[in-house]
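Student: Below, each chain spelled out in residue letters.
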Amino acid sequence: MIELDAVTKVYQAGKVAVRALDTVDLTIDEGDLVAIMGPSGSGKSTMMNILGCLDVPTTGHYRLGGTDVVGMRENALADLRNRRIGFVFQSFNLIPRTSAARNVELPLVYAGVGRRERRDRAREALARVGLDGRGTSMPNELSGGQQQRVAIARALVTRPAMILADEPTGNLDTTSTREVMELLVELNDAGRTVVLITHEDEVAEFARRVVRLRDGRVVSDARQEALRR
Amino acid sequence: MTVWEAARLALRGLRANKLRSGLTTLGIIIGVAAVIVLVALGNGIQSGFTESFGSLATQITVNANQEGTNGAPRDLTDADVAALDDPVDAPDVVSATPIAGGPVTVQLPGGSRFRTSVTGTTAGYLDVTDRDLVVGRMFDATEERGKAKVAVLAPGPVEDLFAGDAGAALGSEVRIGRTAFRVIGVVAATGQDDVVITPLGTARSFLLGGGDAVSTVVVVARSPEAVPAALAQVTAILDDRQSVDDPAERDYTATAQQSLLDQVNQTLSFLTLFTVAVAAISLIVGGIGVANIMLVTVTERTREIGIRKAIGARRRAILQQFLLESTILAGFGGLVGILLGVGLSTAAAIALPQAIPDFPPPVVDVNSVLISFGISLLIGLVAGGYPANRAARLRPIEALRFQ
Numbered sequence: 001m002i003e004l005d006a007v008t009k010v011y012q013a014g015k016v017a018v019r020a021l022d023t024v025d026l027t028i029d030e031g032d033l034v035a036i037m038g039p040s041g042s043g044k045s046t047m048m049n050i051l052g053c054l055d056v057p058t059t060g061h062y063r064l065g066g067t068d069v070v071g072m073r074e075n076a077l078a079d080l081r082n083r084r085i086g087f088v089f090q091s092f093n094l095i096p097r098t099s100a101a102r103n104v105e106l107p108l109v110y111a112g113v114g115r116r117e118r119r120d121r122a123r124e125a126l127a128r129v130g131l132d133g134r135g136t137s138m139p140n141e142l143s144g145g146q147q148q149r150v151a152i153a154r155a156l157v158t159r160p161a162m163i164l165a166d167e168p169t170g171n172l173d174t175t176s177t178r179e180v181m182e183l184l185v186e187l188n189d190a191g192r193t194v195v196l197i198t199h200e201d202e203v204a205e206f207a208r209r210v211v212r213l214r215d216g217r218v219v220s221d222a223r224q225e226a227l228r229r
Numbered sequence: 001m002t003v004w005e006a007a008r009l010a011l012r013g014l015r016a017n018k019l020r021s022g023l024t025t026l027g028i029i030i031g032v033a034a035v036i037v038l039v040a041l042g043n044g045i046q047s048g049f050t051e052s053f054g055s056l057a058t059q060i061t062v063n064a065n066q067e068g069t070n071g072a073p074r075d076l077t078d079a080d081v082a083a084l085d086d087p088v089d090a091p092d093v094v095s096a097t098p099i100a101g102g103p104v105t106v107q108l109p110g111g112s113r114f115r116t117s118v119t120g121t122t123a124g125y126l127d128v129t130d131r132d133l134v135v136g137r138m139f140d141a142t143e144e145r146g147k148a149k150v151a152v153l154a155p156g157p158v159e160d161l162f163a164g165d166a167g168a169a170l171g172s173e174v175r176i177g178r179t180a181f182r183v184i185g186v187v188a189a190t191g192q193d194d195v196v197i198t199p200l201g202t203a204r205s206f207l208l209g210g211g212d213a214v215s216t217v218v219v220v221a222r223s224p225e226a227v228p229a230a231l232a233q234v235t236a237i238l239d240d241r242q243s244v245d246d247p248a249e250r251d252y253t254a255t256a257q258q259s260l261l262d263q264v265n266q267t268l269s270f271l272t273l274f275t276v277a278v279a280a281i282s283l284i285v286g287g288i289g290v291a292n293i294m295l296v297t298v299t300e301r302t303r304e305i306g307i308r309k310a311i312g313a314r315r316r317a318i319l320q321q322f323l324l325e326s327t328i329l330a331g332f333g334g335l336v337g338i339l340l341g342v343g344l345s346t347a348a349a350i351a352l353p354q355a356i357p358d359f360p361p362p363v364v365d366v367n368s369v370l371i372s373f374g375i376s377l378l379i380g381l382v383a384g385g386y387p388a389n390r391a392a393r394l395r396p397i398e399a400l401r402f403q
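Respectively, the protein sequence lines represent chains A and B. Residue 1 is where the first sequence starts when you use my numbering, and the numbers rise one by one after that. Residue 1 is where the second sequence starts when you use my numbering, and the numbers rise one by one after that.
In short, the hints are calculated from the structure, not lab data. Everything hinted at is true.
Here are some chain A residues the structure puts well away from chain B; computed CB gaps all over 12 angstroms: (1) Gly-14; (2) Ser-40; (3) Gly-60; (4) Thr-177; (5) Arg-214.
Chain A is faced by these chain B residues, among others (derived, beta-carbon under 7 angstroms): (6) Ala-310; (7) Ile-311; (8) Gly-312; (9) Pro-396.
Simulated restraints on C-beta separations: (10) Arg-401(B) x Asn-75(A): 15 to 25 angstroms; (11) Asn-367(B) x Gly-66(A): 55 to 65 angstroms; (12) Arg-315(B) x Ala-222(A): 35 to 45 angstroms; (13) Thr-2(B) x Glu-182(A): 33 to 43 angstroms; (14) Arg-315(B) x Asp-132(A): 26 to 36 angstroms; (15) Tyr-386(B) x Asp-29(A): 39 to 49 angstroms; (16) Asp-5(A) x Thr-2(B): 31 to 41 angstroms; (17) Leu-273(B) x Ala-111(A): 43 to 53 angstroms; (18) Ala-7(B) x Glu-124(A): 19 to 29 angstroms; (19) Asp-132(A) x Asn-367(B): 49 to 59 angstroms; (20) Met-1(A) x Arg-401(B): 26 to 36 angstroms; (21) Asp-68(A) x Ala-7(B): 35 to 45 angstroms; (22) Ala-7(B) x Asn-75(A): 13 to 23 angstroms; (23) Arg-159(A) x Arg-401(B): 26 to 36 angstroms.
These figures come from a predicted structure and were not determined experimentally. Glycine included, each C-beta is placed from N, C-alpha and C at the ideal position.
All chains, please: the whole structure from these sequences, using the hints.
Tutor: So, in structure tokens, the structure goes:
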């Protein structure tokens with residue numbers, strides 16, 4: 001369970017205080033597939049940073065699986081990201097000159113998992129995203145869609161509470177977009193909580209629930225029959 | 001994350017940029033190799049020096065002064081020598097060898113004359129002064145007592161009389177002063193080379209004239225450490241025999257050769273130190289190279305650092321990774337530098353004495369190897385410290401936004 005409780009985030013931009021998020025309340029149930037939408041400047045990125053424990057709220061509370069993130073130290077946040085969150089970024093963010101398998105293994109390295117188990121789990125995760133046998137490929141040898149699937153495997157490998165995908169299809173063509181979204185839906189069907197941050201309606205159509213932000217506030221929050229399943 | 005894992009990450013980072021890593025290590029390699037080679041050269045020179053002049057370390061020379069403190073100088077005599085050789089009064093003295101010396105001329109029968117000097121002494125002289133024979137032998141105690149007319153030549157007279165051919169000199173007859181001597185040996189060059197060595201009694205009877213006066217006594221102390229004690233015993237005995245109360249009244253000068261040796265050794269050490277300091281500068285320049293490359297690396301890989309942090313790398317893990325990268329870089333350079341330095345020194349030890357006769361072969365100092373390797377590791381840590389810390393402090397959001 002993911003709970004935002006009156007979360008406010010204020011940035012100091014020069015002398016002006018910018019209220020990127022303004023008393024946002026949001027609860028995401030386990031196993032849900034939520035799209036967080038909004039135009040640029042709506043607070044989407046801040047939302048993503050806070051949900052991903054990359055940043056902490058100025059006021060309010062954020063509870064991830066029962067633990068309150070507010071007041072946590074940097075190391076505790078790093079551990080939390082490592083164990084509870086799987087990131088999927090718009091620009092894939094694989095580590096260059098490092099094989100797909102090693103990229104997938106990386107979160108497990110930081111979690112202190114032993115080598116053999118790491119290798120097995122990375123292979124498993126790559127198979128899960130349809131890339132078995134491509135473990136030795138370097139990122140620059142893979143297509144955009146494949147790279148994003150490696151990133152999803154990396155997000156999966158720690159069995160996190162939530163997969164947080166920030167514009168996951170922003171750099172992909174239509175075919176790859178479809179493949180990646182179907183993969184995320186599949187993972188969601190298998191019980192994973194998925195949060196999508198996007199401004200594209202076509203992507204949001206895959207979600208069960210759509211939360212719209214504007215000027216740092218939630219303006220609409222609706223469940224939808226997933227249109228594209 | 002274990003240090004081992006961090007080292008693997010660091011190695012992968014270095015291997016991704018082989019040329020750059022290689023060029024960066026070059027500075028350290030050259031620095032370490034230069035330090036090792038120069039220390040080895042300095043060591044070689046120093047130990048060559050000690051080998052040549054090592055016997056000086058236990059020697060005390062007592063010279064009779066040319067001018068007396070009160071009228072004519074009192075001579076040193078055979079009785080003084082015997083007193084110095086007394087195991088009770090001078091327990092730290094192993095031996096006292098008298099030398100009666102003076103200018104003489106040498107010539108081959110019918111040949112031209114050459115000026116040189118004579119050292120009239122005892123059979124033990126060569127051992128005491130650590131001179132080696134090139135050919136032949138030293139006179140023995142019987143010849144000494146019998147005032148045999150035998151001579152051992154130093155290279156100077158051999159050069160003058162036999163055009164440097166020691167083999168030709170051996171067994172031939174030379175005239176020293178007006179007396180015919182048989183050459184029974186030739187000694188190697190040491191620096192005091194214009195001399196002929198004869199038994200003490202022979203020199204007195206045929207060359208120098210006079211009674212029981214000696215010009216120099218070579219005293220050997222029990223050990224280099226016993227030299228000060230031996231020196232005190234020598235002066236006490238001679239002061240007593242010459243009835244001297246005040247050192248200013250002495251008609252003799254006793255000098256420990258050790259202090260000269262120490263001075264030369266010290267000068268050599270300073271010279272070695274200076275050259276090593278110059279070599280150390282290249283090591284520091286190499287370190288700056290490592291720091292520079294690490295800064296570039298951290299900037300270049302800001303995004304990678306952001307990704308690593310986002311997926312759960314703690315600050316310490318990032319710090320470890322980059323510190324290890326720079327330390328491995330510098331440590332690897334240190335190892336290659338050691339191989340290069342030891343290799344060059346060994347090659348020089350073989351090649352140099354062949355190219356330049358008497359060149360002391362370099363001797364690799366284990367300490368210089370350990371210390372220069374330690375310093376290169378330290379350079380890695382220091383040079384990597386700031387960049388690694390900067391990387392570790394990056395905030396993931398900003399690092400991820402970095403293009």
